Amino acid sequence: MATTVTDAPAYVYGITWVDVAISGADGVADAAVQTVEHGELAAIVSPLESSDIRARRRDLLRHAEVLQQAFGRAAVVPLGFGTVFASDDDVVSDLLEPRYEELVELLHRLDGLVELTIRALYDESAVLAEIVEGEPRIAALRGSSNPADQVALGEAVAHALADRRTRDSDEIVASLSSLAREVSIEERVAEYEVIRGAFLVERSAVQEFEAVAEELARRYGGSIRFKLTGPLPPHHFVSERWAS
Amino acid sequence: MAVATQGTASNYLQRAPSPSGLADVVDLILDKGLVIDAYIRIAVIGIELVTIDARIVIASVDTYLRFAEAVNRLDLQQTEKAGIDELRGNGGGGKDKAKGMLEGAKEKVGRSNGDSRD
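Going down the list, the protein sequences come from chains C and E.
First residue of the first sequence: 38, per my numbering; consecutive thereafter.
First residue of the second sequence: 175, per my numbering; consecutive thereafter.
Think of the hints as simulated: they come from the structure by calculation, not from any bench.
Errors might be hidden in some of the hints.
[As the list claims (entries may be wrong)] Within a straight-line C-alpha distance of at most 25 Å, the following computed SDA-like cross-link-like pairs (lysine to any residue) qualify:
{"no.": "1", "chain 1": "C", "residue 1": "Lys264", "chain 2": "E", "residue 2": "Ser234"}
{"no.": "2", "chain 1": "C", "residue 1": "Lys264", "chain 2": "E", "residue 2": "Ile216"}
{"no.": "3", "chain 1": "C", "residue 1": "Lys264", "chain 2": "E", "residue 2": "Asp205"}
{"no.": "4", "chain 1": "C", "residue 1": "Lys264", "chain 2": "E", "residue 2": "Tyr213"}
[Claimed, not checked] Derived coverage of chain C by chain E (criterion: at least 3 residues anywhere in the stretch with Cβ under 8 Å from a Cβ of chain E; other residues may be distant):
{"no.": "5", "segment": "72-84"}
{"no.": "6", "segment": "110-120"}
{"no.": "7", "segment": "123-132"}
{"no.": "8", "segment": "153-165"}
{"no.": "9", "segment": "194-203"}
{"no.": "10", "segment": "209-216"}
{"no.": "11", "segment": "271-279"}
Quick caveat: nothing in here was measured; it's all calculated off a predicted structure.
Beta carbons are placed, not taken as given, at the ideal position from N, Cα and C, and that holds for glycine.
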C-alpha cells in the first residue's frame, strides 16, 4: 500500500498490521488518514498542519471513528486521544522501531478480541417503588411532614439503594464475566448508575454475550436499563503509559 | 446510532454498535487507550466534559432529602404491584402533605440554584 510521507507533525490514532488498508478517511482537523509502516506494523496517522490545535468535539469523535473503522478489518492497539509525533519519520524512529516487539506481541494478544461496554442505570421511579414496597419502615415514613422523618426516610432509602446496587452489580458482573477474557469496571459516576464496565471477549462470543445481556435486562424487568456498546477496539485493555 | 433490541421481550437493553455520543467517546479515548509520551499531546480545551455533571454527591442531609423527595413523589399506582392498595389506604391524607412538601422542596432548589449562579 502506498504511504505518503509528509513533513507535518503526525497525529497517531493507533497501531495495526501493515496489510490493513486504511486511507482517505477524514481524521482529526479534517486531514486525510493514512499509514506509516515499519516491518509488520502500521501506525494509523494523519498530518497535523498546525501544532497549535485545540481539540474540538468533532476531533474526539473522529479519533474514535477512525479506530472503529480500522478495527472492523483487523486487530488495533488504540491510542488515547492527542498523541502527536514531530513527523512521520519520528513515528517510526520513536515508536514503531523501539517498541516493535511489544507492539507485535500486543497485537497478537488482542487478535480476535473485542471490547463490549455495559452501562446499567436504575430507572429512578421503578427502583424506588420496589424499595418502598420491600421495606415497611420506608413505606411508613413516606409522606410524613416531620423534617426528622424526612431525613430518616432519605437515609433509609440511600442505604437500601446502596445494598441493592452491591447485590445487582455483583450479579451483573458475574453473569457477564463468564464470557470475558478480561474485565474492567469503572468507578461509578452517577447516582442511579448500577455499573459501568468493559469486557474483553472473543469476537465469536459476541452474540452469546448479547444474549446474556438481554437475559439480564429481562430479569430486571425495567428497574434497570442496560446499554451495550460494541464491538469496539480494546480501549480499556491497553491503558498503559509508555515513555518514548 | 443506538437502536432498541428487536425481536425480544425486552425493551430495556439498548444496543449501540459504536459509541453514540460525545460522553461515550470521552469515556473511551480520554483516559483509556495506550498513552505514549510523544512530541506533543493535544490538550482538550473548551470541551465540556459531560460526565462531570453526574458526579455523585457524598452522603449528606441534602442527599437524603433528595431521596426522600423522590420517594414522596412516587406514584405507586403506576407500578402494578401487589400490596399497594394497602399503602394507599392509610396514606390518604399523606398524599396532599407530600405534595405540599414537594413544592416546598422545589422552591428551595430553585433558590439555591439562583444563589450559586450569582
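Hint numbers contradicted by this structure: Result: hints 1, 2, 4, 5 and 10 break, sorted rising.
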